[in-house]
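If you read the protein sequences in the order shown, they are chains A and B. For the first sequence, numbering that gives the first Met the number 0 assigns the number 0 to the initial residue and increments by one for each residue that follows. For the second sequence, numbering that gives the first Met the number 0 assigns the number 0 to the initial residue and increments by one for each residue that follows.
None of these hints come from the bench; they were simulated from the model. Check before you lean on any hint, since a few could be wrong.
Computed Cβ-Cβ distance ranges for the label pairs, DEER-style [claimed, not checked]:
hint : chain 1 : residue 1 : chain 2 : residue 2 : range
1    : A       : R297      : B       : R47       : 25 to 33 Å
2    : B       : K261      : A       : W253      : 35 to 43 Å
3    : A       : E135      : B       : D66       : 30 to 38 Å
4    : A       : P247      : B       : E125      : 29 to 37 Å
Covered stretches of chain B (chain A as the covering partner; in silico rule of three or more C-beta atoms under 8 Å from a C-beta of chain A) [stated by the list, open to error]:
hint : region
5    : 31-42
6    : 96-105
Because the structure is a prediction, the values reported are computed rather than measured. Where is the CB? At the ideal position from N, CA and C, for every residue including glycine.
There are 2 protein chains.
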Amino acid sequence: MNPLIDGLQYANWSEKIFRQMREGGVDAVHVTIAYHETFRETVLNIERWNRWFEQFPDLIFQGRSGDDVTLARETGRTAIFFGSQNPSCIEDDIGLVQVLHTLGLRFMQLTYNNQSLLASGCYEAEDTGLTRMGREVVAEMNRVGMVVDMSHSGERSTLDAIAHSTRPIAITHANPATWHKALRNKSDRVLRALGQSGGMLGFSVYPHHLKGGSACGLQEFCDMIARTADLMGVDHLGIGTDLCQDQPDSIVEWMRVGRWTKRIDYGEGSADAPGFPPMPAWFADNRDFGRIQDGLRRTGMSSSDVAAVMGGNWRRFFGTSFGPAAGTRPDLSRAAE
Amino acid sequence: MNPLIDGLQYANWSEKIFRQMREGGVDAVHVTIAYHETFRETVLNIERWNRWFEQFPDLIFQGRSGDDVTLARETGRTAIFFGSQNPSCIEDDIGLVQVLHTLGLRFMQLTYNNQSLLASGCYEAEDTGLTRMGREVVAEMNRVGMVVDMSHSGERSTLDAIAHSTRPIAITHANPATWHKALRNKSDRVLRALGQSGGMLGFSVYPHHLKGGSACGLQEFCDMIARTADLMGVDHLGIGTDLCQDQPDSIVEWMRVGRWTKRIDYGEGSADAPGFPPMPAWFADNRDFGRIQDGLRRTGMSSSDVAAVMGGNWRRFFGTSFGPAAGTRPDLSRAAE
Numbered sequence: 000m001n002p003l004i005d006g007l008q009y010a011n012w013s014e015k016i017f018r019q020m021r022e023g024g025v026d027a028v029h030v031t032i033a034y035h036e037t038f039r040e041t042v043l044n045i046e047r048w049n050r051w052f053e054q055f056p057d058l059i060f061q062g063r064s065g066d067d068v069t070l071a072r073e074t075g076r077t078a079i080f081f082g083s084q085n086p087s088c089i090e091d092d093i094g095l096v097q098v099l100h101t102l103g104l105r106f107m108q109l110t111y112n113n114q115s116l117l118a119s120g121c122y123e124a125e126d127t128g129l130t131r132m133g134r135e136v137v138a139e140m141n142r143v144g145m146v147v148d149m150s151h152s153g154e155r156s157t158l159d160a161i162a163h164s165t166r167p168i169a170i171t172h173a174n175p176a177t178w179h180k181a182l183r184n185k186s187d188r189v190l191r192a193l194g195q196s197g198g199m200l201g202f203s204v205y206p207h208h209l210k211g212g213s214a215c216g217l218q219e220f221c222d223m224i225a226r227t228a229d230l231m232g233v234d235h236l237g238i239g240t241d242l243c244q245d246q247p248d249s250i251v252e253w254m255r256v257g258r259w260t261k262r263i264d265y266g267e268g269s270a271d272a273p274g275f276p277p278m279p280a281w282f283a284d285n286r287d288f289g290r291i292q293d294g295l296r297r298t299g300m301s302s303s304d305v306a307a308v309m310g311g312n313w314r315r316f317f318g319t320s321f322g323p324a325a326g327t328r329p330d331l332s333r334a335a336e
Numbered sequence: 000m001n002p003l004i005d006g007l008q009y010a011n012w013s014e015k016i017f018r019q020m021r022e023g024g025v026d027a028v029h030v031t032i033a034y035h036e037t038f039r040e041t042v043l044n045i046e047r048w049n050r051w052f053e054q055f056p057d058l059i060f061q062g063r064s065g066d067d068v069t070l071a072r073e074t075g076r077t078a079i080f081f082g083s084q085n086p087s088c089i090e091d092d093i094g095l096v097q098v099l100h101t102l103g104l105r106f107m108q109l110t111y112n113n114q115s116l117l118a119s120g121c122y123e124a125e126d127t128g129l130t131r132m133g134r135e136v137v138a139e140m141n142r143v144g145m146v147v148d149m150s151h152s153g154e155r156s157t158l159d160a161i162a163h164s165t166r167p168i169a170i171t172h173a174n175p176a177t178w179h180k181a182l183r184n185k186s187d188r189v190l191r192a193l194g195q196s197g198g199m200l201g202f203s204v205y206p207h208h209l210k211g212g213s214a215c216g217l218q219e220f221c222d223m224i225a226r227t228a229d230l231m232g233v234d235h236l237g238i239g240t241d242l243c244q245d246q247p248d249s250i251v252e253w254m255r256v257g258r259w260t261k262r263i264d265y266g267e268g269s270a271d272a273p274g275f276p277p278m279p280a281w282f283a284d285n286r287d288f289g290r291i292q293d294g295l296r297r298t299g300m301s302s303s304d305v306a307a308v309m310g311g312n313w314r315r316f317f318g319t320s321f322g323p324a325a326g327t328r329p330d331l332s333r334a335a336e
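The shape of chain A in the complex, shown without the other chains (with noise of 0.2 Å):
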């Protein structure tokens, strides 16, 4: 009974997808609810997932503890675990942290490619690691039991990060710069201080984080896997593929640009290729992950291990990162959970 589990998915949601879901034997999504969302607009993508919710109860409910990936498991369905790819959702208050982790939101990116309220991104020139802010809002999220994702953010914002969380982090979806050297791509040694910390890294299948891009080879991607559990210990991966399937590319324009430019940003992409690179050939959908079993197995990885990578590890960080801090109050935890 290993658990099938992504750490990032951000599809244009249909009852295809949740089928394909099934299909795959996905038990548990950690979803994108928002990008550049104010908490009004946050809440009206969360109404939506609630009408889906609604509409497929056979396939899909929303995930709130550890224990319903164990649910979704007996149930035959996936769990949708909300999260947020930016601190816009918060806008300037404290206080919907918590608000939202009582609507479910489970992880929360400090930045997204840039300066936030909080931290710093990955694409600024300048790295503040932790604003004033950010300090506080980490400290409540450790107490509500709202995972901190830095898969956005800075060097230094990142191991600001690590070190100032009480409760381990995660980086939900990147690779080792090492093996392919782009801005969203981390450093060894962010990902020793991930894994020393008790953090968990989640492998993504995004083109521009692959080397090669589109034409990567699965065994490449595996054997990367293979070798970043040497570094980081294999207990601290798992798979955050990234997938944003269906969309069009209206939407990774939203997602770069937002509305913090009037201009065209162009990401990880480029002039000549703004829209969503084509995924490679080996993962096209939530159907496809057994290759990747597959192919971490062909790197001599024990079935253990590689049940850890694929759902095992983060099974784990789900059951102990959702709730409240320990020595929080009963009362907190019977509302957040």
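Chain A is already provided as a structure; the job is to place chain B on it using the hints.
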């Protein structure tokens, strides 16, 4: 083990009042968190409550289900259940019903004195009954487990809500109009329909709802309750004091005027007496429920009937009203409760 429950309060909350709740042995209170607030403003009020829950965990916690009344009793605390006196908190967006339910909203009035998007208030010259949106929102409240409260609604709208709602509704704070004629008090026709449908009436101690106002005697109040038991059945009665302890008069102006007029509207008051009326001598704060209990005993009601009115009926109603409608999928049940 008979619980003591107040069906409505809107105090200027403080540690002092929370301690008085404990001194008075109050197990649960339905508190107003919004009058004319938008969704975002309502969330700010929830944030304020979250801070109180964090500051005073030995005195109060957020109630979400009927079982929380039992938990409150067992742990010597008061369970706080959220309600809104107006549907302004859902704006024009039916999706906010479930969102606010997840945040703990357990009661919502369809109108506050005026016409709303959903129904007519008791101060309007014309009563539309439930509007098109009103019928949709009542169905959605029924689905998720949010109680329709018609305390400030017009006669036709109230009868409509009783008829249209598939689950029993409440009039959390009002008295019979035959006892004291006031636009806010309810006709025997409404009260009979309310009782027959399994609904609940909370008797108000707010002076404008009392015969003789602030001078109304305790026994007169309790005798009225005993007579209403004959009309509606004792199982449908509770207390809903409408206690507005320690509030400045600016608050009653906000309650009456909100942002719907630039002029002053005195509501149940007058130009001569524009502020909060003085409470009757026998009910100043949460330590005075024993007096009502004693007064009810003196009417000749059985002790089990007195216990039912003082909280047993609300406890039963809370237990069946706050979860998803029967037949709703288990995953909603888990998310909601």
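For each hint given before, does the structure comply? Return the numbers of the non-compliant ones in rising order.
1, 4
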